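Residue numbers (my numbering), protein chains in the order written: chain V, 1 to 393; chain B, 1 to 393; chain L, 1 to 393; chain X, 1 to 393.
Quick caveat, the hints were computed from the structure, so don't treat them as lab data.
Because the structure is a prediction, the values reported are computed rather than measured.
Treat the hints loosely; a few may be bogus.
[What the hints assert, rightly or not] For lysine to aspartate or glutamate, the following EDC-like pairs were computed, each having C-alpha atoms within a straight-line distance of at most 16 Å:
no.	chain 1	residue 1	chain 2	residue 2
1	L	K5	B	D377
2	B	K5	L	E266
3	B	K50	B	D390
4	X	K82	X	E134
5	X	K58	X	E183
6	B	K50	B	D377
7	V	K387	X	D377
8	V	K5	X	D118
9	L	K5	X	E45
10	X	K5	L	D312
11	X	K50	X	E298
12	L	K387	B	D377
13	L	K341	L	D377
14	V	K58	V	E183
4 protein chains.
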Amino acid sequence: MSTEKIPDPIFTLTTGPVDAYPAVLRALGRPVLYDYDPAFQQTYETVSRKVQKAFRSKSMPVILQGEPVLGLEAAAASLLAKGDVVLNLASGVYGAGFAFWAARYCAEVIEIRVPFNDVIDPQSVADMLKARPEIRVVAVCHHDTPSGTINPVAEIGRIVRDHGALLLVDAVSSFGGMDVLPEAVHADLFVTGPNKCMGCPPGLSLLHVSDAAWAKMKANPDAPTASILSILDWENAWRADQPFPFTPSVAEINGLEAALDLYLEEGPEAVWARHALTARACRAGIIAAGLALWPAREAIASPTTTAVRVPDGMDDAQIRAEARRRYGVVFSSGRGETLGKLIRIGHMGPTARPIYAVVAVTALVGTMIALGATGLDLGAGVAAAMKEIDASL
Amino acid sequence: MSTEKIPDPIFTLTTGPVDAYPAVLRALGRPVLYDYDPAFQQTYETVSRKVQKAFRSKSMPVILQGEPVLGLEAAAASLLAKGDVVLNLASGVYGAGFAFWAARYCAEVIEIRVPFNDVIDPQSVADMLKARPEIRVVAVCHHDTPSGTINPVAEIGRIVRDHGALLLVDAVSSFGGMDVLPEAVHADLFVTGPNKCMGCPPGLSLLHVSDAAWAKMKANPDAPTASILSILDWENAWRADQPFPFTPSVAEINGLEAALDLYLEEGPEAVWARHALTARACRAGIIAAGLALWPAREAIASPTTTAVRVPDGMDDAQIRAEARRRYGVVFSSGRGETLGKLIRIGHMGPTARPIYAVVAVTALVGTMIALGATGLDLGAGVAAAMKEIDASL
Amino acid sequence: MSTEKIPDPIFTLTTGPVDAYPAVLRALGRPVLYDYDPAFQQTYETVSRKVQKAFRSKSMPVILQGEPVLGLEAAAASLLAKGDVVLNLASGVYGAGFAFWAARYCAEVIEIRVPFNDVIDPQSVADMLKARPEIRVVAVCHHDTPSGTINPVAEIGRIVRDHGALLLVDAVSSFGGMDVLPEAVHADLFVTGPNKCMGCPPGLSLLHVSDAAWAKMKANPDAPTASILSILDWENAWRADQPFPFTPSVAEINGLEAALDLYLEEGPEAVWARHALTARACRAGIIAAGLALWPAREAIASPTTTAVRVPDGMDDAQIRAEARRRYGVVFSSGRGETLGKLIRIGHMGPTARPIYAVVAVTALVGTMIALGATGLDLGAGVAAAMKEIDASL
Amino acid sequence: MSTEKIPDPIFTLTTGPVDAYPAVLRALGRPVLYDYDPAFQQTYETVSRKVQKAFRSKSMPVILQGEPVLGLEAAAASLLAKGDVVLNLASGVYGAGFAFWAARYCAEVIEIRVPFNDVIDPQSVADMLKARPEIRVVAVCHHDTPSGTINPVAEIGRIVRDHGALLLVDAVSSFGGMDVLPEAVHADLFVTGPNKCMGCPPGLSLLHVSDAAWAKMKANPDAPTASILSILDWENAWRADQPFPFTPSVAEINGLEAALDLYLEEGPEAVWARHALTARACRAGIIAAGLALWPAREAIASPTTTAVRVPDGMDDAQIRAEARRRYGVVFSSGRGETLGKLIRIGHMGPTARPIYAVVAVTALVGTMIALGATGLDLGAGVAAAMKEIDASL
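Same shape as in the complex, but just chain V:
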């Protein structure tokens, strides 16, 4: 370990963790109450109701006390039963990766896989469900962050519902940054977290559970209880007069409340719009500067992440290190299969503001030029990003 303290970056333009909103950072510092103090129990119910409001759902959500990988693992462990046949939709590293957890708990995992710069065709889901009518659960990653692509989850949801299967949606890095609501996409188990587009630190999972999903979990003899992996344990924990299965993360709950207040006061549609605009400006800048997007076509590009192809002959780690050293700007790498092939610019929460698109384009293109890339035009990139922003005003 280097003995000298590495200075903080200036801008964290990653795909999560992202920097939290200032009001969230302050809320983390509220006095820590005893979890059974009536004031905290009330807060917990209030926060749960605000999550419900953000979800626009009829039922109460579940808050799990760990970042969304907990939510996803718990979803697999709880929802999937030994005999289940599961259809896993793999359009990226995260979606494909879910099969690992699914396989642990069910009888068979069928996969529809597309190249990791593309998205799932709903028709292929319909076809598969027809071919394999015994499929009980379909799992899809809405925003496969390592690819920066958005699956057509609402259409898939309709097909799954019509088939009578349950839909498990990973909306970790899309919820809060675009229009994806659990009931609107027919999700039975919808897993997200406050540490992406909601602008909180990592530490919690937020789940929507449909009646059908509750019923399936309750009927599942292997669904975890008395475990950190349990969803069932938390069914009634939102109620101020009910016990917690174990101590919730008090500070994170306080931070989440501040984030929900910001989100609901600004208005979800307004928040989504600035995520979309920032991404649009960023993509325009990236393309105009002479770089290429990773997604096969812009229509499937995420409003919360812009994945940029690493030009041939360049090293993504070097680019990211130099962008940090030169300009104090931090980007995300790819993951797994996409590692080394792309660099990701996050537009999430506090950084989902159009001016950050300019910062991102400048730092990324500028770094590549400084590292010797040819054929790039930073000025054109900035101008294109600005044009997109100005067109929206």
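Model the placement of chains B, L and X on the given structure of chain V, informed by the hints.
Coordinates of chains B, L and X only, in the frame set by chain V:
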């Protein structure tokens, strides 16, 4: 849910969550860095090294991203193998409860049980190990919080080591508040958290793992990996140049660093001394006021929790609610078997300062008197607590 | 300077600065905006309107950018003109001290002085105004903090108004902790600050200015302008569309807003009631323990400060130092004439909660006993304080 | 007042107040201690010593409890005596404005005035001192913020010292952002504040006072004492064992300590270098985009402020409002004579990082283009700024 906001209490004299140190609350609000940012990776290694320093251990600790129930469940899942015979020492609700997790993962759980106001006799452990030499793991809860009693873990540890079994210690609510160090008590898996005597919010587990425990976990085919329950996944995560299995709780790590700085700067021995003095003063006050301790004898009473018997005919929930309403002071109830029988006063972290013993005695005895208890002498209680404090100066 | 860091005390039971409310401490950390940013200009107007609401006044207040000594010096410099005859009411160190500033700016300062453990008799004011009808301004310190006594400012105000003079009220350490409102007491210039009963850090003055006072200041050729001492410069600064004379203290304004929100949400009457109760319990405890109050009679004792006579033969500095060392409790000393004769316990803002009366009595009496005082009964003191608290519930 | 809350801007690129460093914002929320608490007295001395270290001076500094206009007014009031002849150097609105205060306190104010886009020629000072040998005090504004120009204060200082007069330096918005140290520039009274390049909120003044200045103030019968305007009152207040003239601004002092720690740990030379680079990149970008700097030549342009001429036919208020609305970026206007003629970009403290130059150029040029300006080339501007940054690495 009441629609009016319930005001915060004034003093949270519970056994956890306890209020955090002001410096910890501020540290939670540090900018949230990307987990793979070199500055955060460095911080994570630095924090791990400070945990090691606090543990006074030769090996590096593991930080798990959930409050200590995660640490304990992960310990059971990782350390215990299908064929193991486990000796579980049950002197209280938490110790006894561990058998539930243990049974999930091993062949047989043998129990030594004592009344829940007493502690384990090391000789009984020696006898049992002799009687059942196949015992591979012994599990003990050092401070059984629902009873406010301290097991003689160092003596037990010596016996277990001499026998050649592994020792799993739950030191969640004792570490940081008294002299209990993983290697000194011969613990192979030592589970604690920063949310008790270290004065952090709940959200992390801190583990010491001995070489033997690492070896046993690695040899255990059922030890979780690619799971929130995995300890193995985190073995090298402390290193700045190694990846995290999943995103750590950045804000909690920042808070933990502040807590470790406070702890190491004040000096562990000084911190333990003020925990001990606060508890001593509290016990003196409670007894002088005419109440009884829950522990069978004062020698086994915890320096971090004072458990007070609820007088016959009184209702513990009413007492706690009235103490909050009248004086703004919050106490903990019992748990499970001890629920209703005792009230617990926490002396943990920021509240482990002698003056809080006076506040606790005043609020508890005062409430009982206000509720009609007879034979109690508040003045005598306060005087006795003060005498104990003054004697130490 | 000692090279080792002196640890913070546990309880700051002083008469100011007092510890701030947690929500105020967090608000101080809001992002610092440019003073001419529309968001800050709006905040400044909003805060001014909340001060007005707390003042329950018809006119807009003035916020000066320095703690209340600035407010008081500015009041003297602005309101008093060269030819004025001023009546200064001196029942304590602060009231008497105002003559120093008054004399700097006016023709003559007449004084009514009473012993510093007593308060002004309104009749003496009426008599003096009759004897010296040329008196233009009457100055009174409502709560003479170094004595812990409360002058009958409403009655004095009525007399002054009937006489046609202007009334200048120092309500620095009473406003927010008891029923003292500028217009209700007929104050023309009312000076207070957020750093006492409002629970903010020191750094601002809050002024109410009557129409007559504005007129007099505007007619005063020597009233400061283009100066930190100017009140006139700030007349319209509360308006979002008007410039600031100089940069306001942005962070303190943010803290003040949080304090006003707390105050108005809890309800002024409720806030005053807990100040009164805390003081009443404290006085009961002090007297029952065998100590004497400084005020000549309890009826004039302040609800925000309890001044306790130092027993003969004891040293106040030693008592305060020992109370801090032993119990972590900090008290205030006397000032000027009262220095060494009394010790002051503050009941202001966050510490104006009854349980703190018990802490104060315990720490003060306990320290004296530990230092060898005889004839004191700590138990009786605590019991009496508790009885007062319980009687209120 | 609009009833809807105006959202915060994204980037405050002003010339002060500027946003504070995150560590400063957190430090403002430290518990508020009693000013006479030994821990706070120690802190005050520690902070004073750190100011001294930042000043690299032999003598102890004075901290005044109000933003630097207090420091400047107090300097005039304290240093200037009735009979003094003062030479005021006016190269901008602030420098010229000081004459107003000076005239209040001395016999005659002589002025050397240059156009407000230029700086003082040291030779003109030498000439004037020769012509008017009775000049006792020379006053100069080092960085005349409303012009963004830097006077050659070290050369002027040498001349003044050789003449035997005293030098009063306003270094409010330059200290901490460039190499200007009180003794190195021969300043007798050096006034600055932490709310510009040190990255604190406004609320304090920092003064260096030479032995000669102390002597002159002490000999000045009109130098304020017992007043907020007094410097003399605070001479020994830095000592932990000396009283404060009145309550210091506890929270601001805590914030200042954090800022000094950051400054001294990063290293003043490194801090100055990033201010200089940011300004250099900003100027390069502004010029390349087709705009003009306000300063007559780049050599006199400030490293902490870039003043940009408003193109003919454009309205500066509209430009600033649009830059905020479109991109969330806030700039400063001119002041007095420069109002409407220029727009100022601050490079102070946290925003003195090169990437902000790109943000500034983008937002300013972009806004002008969006408002219809012709002949501007945003791409060229950004490229030029980046080139300057890259050249430094």
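To see whether the hints hold, each was checked on the structure:
1. Taking the CA atoms of K5 of chain L and D377 of chain B, the gap is about 40 Å. The hint is violated against a cut of 16 Å.
2. At most 16 Å may separate the alpha-carbon atoms for a hinted pair to count; K5 of chain B and E266 of chain L meet this at roughly 10 Å.
3. For the suggested pair K50 of chain B and D390 of chain B, the alpha carbons sit about 34 Å apart, so the restraint of at most 16 Å is broken.
4. A threshold of 16 Å between alpha carbons decides the hint, and for K82 of chain X with E134 of chain X the separation of about 14 Å falls inside it, so the pair holds.
5. With a C-alpha separation of about 8 Å, the suggested pairing of K58 of chain X with E183 of chain X holds against the 16 Å cut-off.
6. Restraint check: the Cα-Cα separation between K50 of chain B and D377 of chain B comes to about 45 Å, which exceeds 16 Å; the hinted pair is violated.
7. This hinted pair checks out: K387 of chain V and D377 of chain X have alpha carbons roughly 13 Å apart, not beyond 16 Å.
8. Between K5 of chain V and D118 of chain X the CA atoms are separated by roughly 42 Å; this puts the pair beyond 16 Å, and the hint is violated.
9. Simply put, K5 of chain L and E45 of chain X have alpha-carbon atoms about 12 Å apart, close enough for the 16 Å limit, and the pair holds.
10. Annotation: proposed proximity of K5 of chain X to D312 of chain L is violated, straight-line Cα distance about 59 Å (limit 16 Å).
11. For a cut-off of 16 Å, the pair hint linking K50 of chain X to E298 of chain X is broken: about 33 Å separates their Cα positions.
12. For a cut-off of 16 Å, the pair hint linking K387 of chain L to D377 of chain B stands: about 13 Å separates their Cα positions.
13. Distance check on the hinted pair: K341 of chain L and D377 of chain L sit about 21 Å apart at the alpha-carbon level, beyond 16 Å; violated.
14. Distance check on the hinted pair: K58 of chain V and E183 of chain V sit about 8 Å apart at the alpha-carbon level, within 16 Å; holds.
The structure is inconsistent with the numbered hints 1, 3, 6, 8, 10, 11, 13, although it conforms to all the rest.
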